[in-house]
Amino acid sequence: SQELEQSPQSLIVQEGKNLTINCTSSKTLYGLYWYKQKYGEGLIFLMMLQKGGEEKSHEKITAKLDEKKQQSSLHITASQPSHAGIYLCGALSGSGTYKYIFGTGTRLKVLA
Amino acid sequence: DAGVIQSPRHEVTEMGQEVTLRCKPISGHNSLFWYRQTMMRGLELLIYFNNNVPIDDSGMPEDRFSAKMPNASFSTLKIQPSEPRDSAVYFCASNPSDRGFYGELFFGEGSRLTVL
Numbered sequence: 001s002q003e004l005e006q007s008p009q010s011l012i013v014q015e016g017k018n019l020t021i022n023c024t025s026s027k028t029l030y031g032l033y034w035y036k037q038k039y040g041e042g043l044i045f046l047m048m049l050q051k052g053g054e055e056k057s058h059e060k061i062t063a064k065l066d067e068k069k070q071q072s073s074l075h076i077t078a079s080q081p082s083h084a085g086i087y088l089c090g091a092l093s094g095s096g097t098y099k100y101i102f103g104t105g106t107r108l109k110v111l112a
Numbered sequence: 113d114a115g116v117i118q119s120p121r122h123e124v125t126e127m128g129q130e131v132t133l134r135c136k137p138i139s140g141h142n143s144l145f146w147y148r149q150t151m152m153r154g155l156e157l158l159i160y161f162n163n164n165v166p167i168d169d170s171g172m173p174e175d176r177f178s179a180k181m182p183n184a185s186f187s188t189l190k191i192q193p194s195e196p197r198d199s200a201v202y203f204c205a206s207n208p209s210d211r212g213f214y215g216e217l218f219f220g221e222g223s224r225l226t227v228l
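Chains as they are written, first to last, in this note's numbering: chain H, 1 to 112; chain C, 113 to 228.
Mixed in with the good hints, there may be bad ones.
Claimed, not checked - Derived DSS-like pairs (lysine-lysine); straight-line CA-CA distance at most 27 Å:
1. H:Lys68 x H:Lys38
2. H:Lys51 x H:Lys27
3. C:Lys136 x H:Lys36
4. H:Lys60 x C:Lys180
5. H:Lys109 x H:Lys51
6. H:Lys109 x H:Lys68
7. C:Lys190 x H:Lys64
8. H:Lys56 x H:Lys36
9. H:Lys27 x H:Lys99
10. H:Lys99 x C:Lys136
11. H:Lys27 x H:Lys64
12. H:Lys109 x H:Lys36
13. H:Lys99 x H:Lys17
14. H:Lys99 x C:Lys180
15. H:Lys64 x H:Lys51
To be verified - Example chain H residues on the side facing chain C (calculated, C-beta under 8 Å, incomplete):
16. Glu41
17. Phe45
18. Met48
19. Leu88
20. Leu92
21. Lys99
22. Ile101
23. Phe102
Keep in mind the hints are simulated off the structure, nothing from the lab.
C-beta atoms are modelled at their ideal positions from N, C-alpha and C, and glycine is treated no differently.
Build out the structure end to end from the sequences listed, making use of the hints.
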C-alpha cells in the first residue's frame, strides 16, 4: 500500500527564517494535498498539486510536485509565529477504492 | 455555512464502556471520512462512505469499532467496549464528490477521547 513519509518530523526556526518540509511517496502520486493543523484543531486545506513539475503559492507558502510525481516540498518564506502548527501531506491511495491517506506530519514551531 | 460538526468535543470514559462519536457533514457533501489521530501513528483513515454506503473499512482496527451513516446528514463511530489504547482524537471529514477524486477534505474540530 502507498505510504507518505514526511521530513523533518519536527522543526524549530527563528521568526523570519525560510524552511522546507518534504513529503515522499512510495508510489506515483495522482494528486498531492497539503494541510495545516493548529494544535487541538482540525485540518485546514492549503493547496493541491496534480501535475508533475507543478508549483503553487499562497501568501508566503509555496508547494511543488516533482516531475516524477513521487515527492513534494512545502516552502515557507520569512516564517512567522502564525505559521506554527502541524503540516500534513495527503494523497489518494489504491485503485478502485481510493483511500485518502496522510503523511506522518511535520511539527513546526516558530520562535518570535 | 456551517462546517463539519462533531460531538462530543471531549469524552472521558472508563475502560469497557461504550463510546459513540457523532458527525454531521456539510450539507450536500456526498463523501464522509472517519480518521483517528495519535502521536504514535499519526492520522489514520478508519472508514469512508460514499452516498451513505461504506466503501472501505479496512482501517477499522477491530470488531470493537463500528460506523454507520443512516442518512446523508449524520454518521456515528461506535467503540464497544472501549480500551485505553483507543484514546485519541477522532476526526470526521466530508467532501462534495462521490467519484473517487476528492480534492479538499473539510474537517471537523475532532472528538478527543480518553479511556481510563
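A quick look at each hint next to the structure:
For the proposed pair Lys68 (chain H) and Lys38 (chain H), the alpha carbon gap of about 31 Å is over 27 Å, so the pair is violated. At most 27 Å may separate the alpha-carbon atoms for a hinted pair to count; Lys51 (chain H) and Lys27 (chain H) meet this at roughly 15 Å. Between the alpha carbons of Lys136 (chain C) and Lys36 (chain H) the distance comes to roughly 22 Å, so the proposed pair stays at or under 27 Å and holds. Straight-line distance between C-alpha atoms of Lys60 (chain H) and Lys180 (chain C) comes to about 41 Å, which puts the hinted pair past the 27 Å bound.
Taking the CA atoms of Lys109 (chain H) and Lys51 (chain H), the gap is near 30 Å; set against the 27 Å cutoff, the hint is violated. This hinted pair does not check out: Lys109 (chain H) and Lys68 (chain H) have alpha carbons roughly 31 Å apart, beyond 27 Å. For the proposed pair Lys190 (chain C) and Lys64 (chain H), the alpha carbon gap of about 39 Å is over 27 Å, so the pair is violated. Taken as a hint, the Lys56 (chain H) and Lys36 (chain H) pair is honoured in the structure, with Cα atoms around 16 Å apart against an allowance of 27 Å.
With a CA separation close to 14 Å, the supplied pair Lys27 (chain H) and Lys99 (chain H) stays within the 27 Å bound. This hinted pair checks out: Lys99 (chain H) and Lys136 (chain C) have alpha carbons roughly 21 Å apart, not beyond 27 Å. Only pairs whose Cα atoms come within 27 Å are accepted, and Lys27 (chain H) paired with Lys64 (chain H) is accepted, the gap being roughly 17 Å. Among the hinted pairs, Lys109 (chain H) with Lys36 (chain H) is consistent with the structure: their alpha-carbon atoms are about 13 Å apart, no more than 27 Å.
The suggested pairing of Lys99 (chain H) with Lys17 (chain H) is violated, with an alpha-carbon distance near 35 Å, which exceeds 27 Å. With a CA separation close to 18 Å, the supplied pair Lys99 (chain H) and Lys180 (chain C) stays within the 27 Å bound. For the hint linking Lys64 (chain H) to Lys51 (chain H), the alpha-carbon distance of about 10 Å falls within 27 Å, and the restraint holds. Checking Glu41 (chain H) against chain C: minimum C-beta separation of about 6 Å stays under 8 Å; hint holds.
The criterion of a C-beta within 8 Å of any C-beta in chain C is met by Phe45 (chain H), whose closest approach is roughly 4 Å, and the hint holds. For Met48 (chain H), the interface hint holds, the least distance from its beta-carbon to any beta-carbon of chain C being 6 Å, beneath 8 Å. Residue-level restraint check for Leu88 (chain H) holds (minimum Cβ-Cβ distance to chain C is 6 Å; threshold 8 Å). This hint holds: Leu92 (chain H) has a C-beta 7 Å from the nearest C-beta of chain C, less than the 8 Å allowed.
Nearest Cβ of chain C to the Cβ of Lys99 (chain H): about 5 Å, under the 8 Å cut. The hint holds. With 8 Å as the threshold, the beta carbon of Ile101 (chain H) comes within range of chain C, its nearest partner Cβ sitting at about 6 Å, so the hint holds. This hint holds: Phe102 (chain H) has a C-beta 4 Å from the nearest C-beta of chain C, less than the 8 Å allowed.
The structure is inconsistent with the numbered hints 1, 4, 5, 6, 7 and 13, although it conforms to all the rest.
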